[in-house]
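Participant: Residue-level listing of the chains:
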Amino acid sequence: MKALLKLDWRAATHSTRNVAAIIAFLLLAILFVPVARYQHVGDLATVATHAHDRLKVAADDIQRYTDAPTPTLRRTADLLNRQIQAQNAVIVGVKLGNAEDIRDGLLEGAKLERQGAKTGYLGVVDATLPTWTDGQRHLLAIQALIHQKRPVHVTIQDAASAMEQCLPLLALALPFLIMLLTADLWLVNAAHPTVTATLPVKLPTQALTKVLTRVALPLIITVSIIGVGALAAALQGGLGDWQYPVVVALGQRMIVVPLWAQTLLLLGFAVIESLFVCALMLVLNAWLRNVYWSFLAGAAIAAIPLAFPAVARTLWFTPLAGLAPQSLFNGTFQNEAGNWALGLAGGAGVLLVWTGLMIALFAQIVDRRQA
Amino acid sequence: MLELDHIHLDFPGKPNVLADIDLHATPGEIVGLVAPNGMGKTTLLKVILNRLHPSAGRVTIADHGYTSQAQTRKNHALICAFPDQSDLYDDLSGRALMQFYAECWQNKTKSVDEIIATLHMASYVDRPTRTYSLGMKQRLCFALVVAANTPVMLLDEVMNGLDPLNVAMISEQLRVLRAEGKLILIVSHMLNNLQTFVDRTIFLKDGHFVLDLDAHVEPAHYLKFSGDPALVPGAAAYTDGLAVLPVADLPLATLVERLTPLYAAGLAFTVGPLTLEEQFNHFYAQTDERV
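Heads up: the sequence lines are chains A and B, in that order.
Residue numbering for the first sequence follows the numbering used here, beginning at 1 and increasing consecutively.
Residue numbering for the second sequence follows the numbering used here, beginning at 1 and increasing consecutively.
Since the hints were derived computationally from the structure, they do not count as laboratory data.
For each residue, glycine too, the CB sits at the ideal point set by N, CA and C.
Incorrect hints may have been included.
[Claimed, not checked] Pairs of lysine to any residue, SDA-like flavour, derived with a Cα cap of 20 Å:
(1) B:K137 / B:L119
(2) B:K74 / A:T205
(3) A:K2 / B:K108
(4) B:K137 / B:N160
[To be verified] Listed next, the stretches of chain B that the computed footprint assigns to chain A, with coverage defined by at least 3 CB atoms under 8 Å from CB atoms of chain A:
(5) 66-74
(6) 98-110
(7) 254-261
[What the hints assert, rightly or not] Computed from the model, here is a short list of chain B residues facing chain A with C-beta under 8 Å:
(8) L49
(9) P83
(10) R127
(11) A268
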């Protein structure tokens with residue numbers, strides 16, 4: 001097994017495709033801070049302005065289409081206008097450098113977001129307004145900041161504030177990154193039949209060495225992306241505040257954790273995600289016998305929870321939710337469902353169960369072929 | 001060491017690819033397997049490796065058949081097949097692959113460095129295999145089997161793409177491996193080279209072993225010439241263009257008498273045993289005629 005593990009590791013790390021993917025992701029990590037700043041990612045004033053504009057559109061809709069507002073519509077309009085005011089307070093607070101205005105605006109805005117989502121914004125059609133989950137997440141974060149007497153991140157200025165913005169994007173890309181690196185997991189044997197067909201090594205051991213290799217590779221890349229991205233940001237503004245509170249949906253509810261803990265949670269989840277994607281790729285490779293079809297099928301499955309979160313929420317017992325880690329992390333799937341399987345820990349558990357099922361299915365396919 | 005017992009294999013739409021094949025080969029022996037392309041040589045090697053399952057018969061390695069997955073692994077630990085060049089890992093170095101073979105087959109007696117030096121591969125072995133020429137890759141494939149150092153070695157077209165110097169070097173290494181007690185089953189079309197080191201040569205035709213030549217038995221001698229067999233009384237056409245006359249029982253005076261017309265006609269002739277190439281042409285030319 002040791003020899004095969006060494007060969008698989010060498011093959012994975014010397015592969016031109018993998019090296020190109022690693023370099024590309026590391027370049028993205030290095031360029032994250034300048035690109036994010038250019039795009040105003042993590043710029044609180046810009047975020048508040050966009051929120052303000054969306055609220056304004058919704059409020060204008062009510063004004064435009066209603067001659068004589070009913071009490072219900074008046075309530076919705078009132079909620080929207082108060083949210084607009086809260087966002088204004090944040091924008092002004094950032095521009096004037098007034099931390100108190102920022103905190104008050106964020107606190108008020110978050111409470112109103114929750115309240116508004118509860119009412120369902122009656123009278124407003126097709127609006128992309130904050131959900132209850134968004135409001136709850138914002139509320140928990142600002143309450144923790146106030147409680148801990150920490151300043152709010154108003155822009156990307158150091159490693160911690162950069163990672164606060166980078167980690168959700170990394171979580172979004174994680175399943176696709178792993179699929180890219182594992183699309184030929186089992187088919188690599190088919191590419192070298194006279195080298196691998198008669199090895200004096202058990203088939204499960206051969207599969208295990210490949211899975212171990214391909215779990216380690218994305219983990220190393222994820223660590224490298226975080227490390228390089230944080231280092232690039234730290235060179236410009238220092239390490240920053242890694243105790244900064246962020247909100248994750250760990251179980252049935254959202255909780256506040258420090259930024260460093262979120263980073264570790266993401267790394268831990270990356271291991272479980274890699275295990276599942278490897279098991280999925282073993283099955284897809286064995287079925288489809290083509291690297292490109294395997295990647296396409298895997299990516300299509302991973303796109304379902306992104307495009308249709310409700311499907312992932314309804315089919316909570318499938319691995320769909322786990323294939324969109326950023327939605328698990330930020331509570332989008334949980335969204336008041338109170339379902340442990342849609343939290344981070346539950347989602348990881350479901351993925352592990354499906355990993356076992358996939359490996360059993362793969363073993364069955366291979367056994368049937370060999371018989 | 002290696003026994004094939006009444007092996008029979010059919011493919012869909014192609015029956016009797018292998019029919020009633022029997023072989024008993026012992027350690028310290030080089031067995032040449034000879035046949036034209038598409039006659040089932042590589043198929044037979046796959047059967048020996050259990051990559052193809054015969055419909056009848058049994059393969060035994062060191063007295064053990066492929067009876068279970070565990071036994072298959074044990075058998076595969078005793079046998080190493082010559083890999084195909086196109087199956088090498090392009091991004092890995094030759095040394096990395098040799099180390100893999102040595103570790104995977106648990107070779108503890110023959111060092112990779114020693115093999116690299118013997119096969120003169122030091123100048124390129126640390127580069128990725130995608131940069132190798134055809135001959136370099138072929139030498140690496142041979143080196144991999146040597147690195148595995150298994151008691152049984154299956155070499156399919158090992159001399160392909162090699163220059164005469166490398167053919168001579170590999171031939172010499174095969175003799176060394178035989179002296180170490182390895183059983184080598186070699187498939188080759190380079191018959192003149194093959195007969196310089198084999199102990200046995202087996203001709204495969206229509207799924208059967210049709211000729212098993214023991215290289216240690218003194219072969220019959222023939223008068224061989226290109227021309228009309230009628231020129232020499234008793235001579236017969238052996239292949240298209242080659243006529244032969246057995247000379248073993250001929251008194252010298254009679255032989256000289258028989259040579260006279262050839263000499264008069266200015267035809268070149270030789271006296272000696274039939275070469276593998278001549279026998280190959282004899283056997284498989286008949287096949288073509290029959291087809």
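Participant: Indicate, hint by hint, whether the structure satisfies it.
Facilitator: Hints, verified against the model:
1. With a C-alpha separation of about 12 Å, the suggested pair K137 of chain B and L119 of chain B falls inside the 20 Å cut-off, and the hint holds.
2. Our distance criterion of 20 Å between C-alpha atoms is met by K74 of chain B and T205 of chain A, whose separation comes to about 15 Å.
3. With a CA separation close to 15 Å, the supplied pair K2 of chain A and K108 of chain B stays within the 20 Å bound.
4. Between K137 of chain B and N160 of chain B the CA atoms are separated by roughly 10 Å; this keeps the pair inside 20 Å, and the hint holds.
5. With 3 residues carrying a beta carbon less than 8 Å from a beta carbon of chain A, the stretch 66-74 of chain B meets the three-residue requirement, and the given coverage holds.
6. Counting residues of the stretch 98-110 of chain B whose beta carbon lies closer than 8 Å to any beta carbon of chain A gives 5, which meets the minimum of three for the stated coverage.
7. Only residues whose C-beta sits within less than 8 Å of a C-beta in chain A count toward coverage, and the stretch 254-261 of chain B has 0 of them, not enough to reach three; the restraint is violated.
8. Interface restraint check for L49 of chain B: the shortest CB-CB distance to chain A comes to about 5 Å, inside 8 Å, so the restraint holds.
9. The beta carbon of P83 of chain B is positioned within 8 Å of a beta carbon in chain A (closest approach about 4 Å), and the interface hint is therefore held.
10. Checking R127 of chain B against chain A: minimum C-beta separation of about 12 Å lies over 8 Å; hint violated.
11. Here the hint on A268 of chain B is broken, as its CB sits about 44 Å from the closest CB of chain A, past 8 Å.
Consistency with the previously given hints fails for numbers 7, 10 and 11, ordered from lowest to highest.
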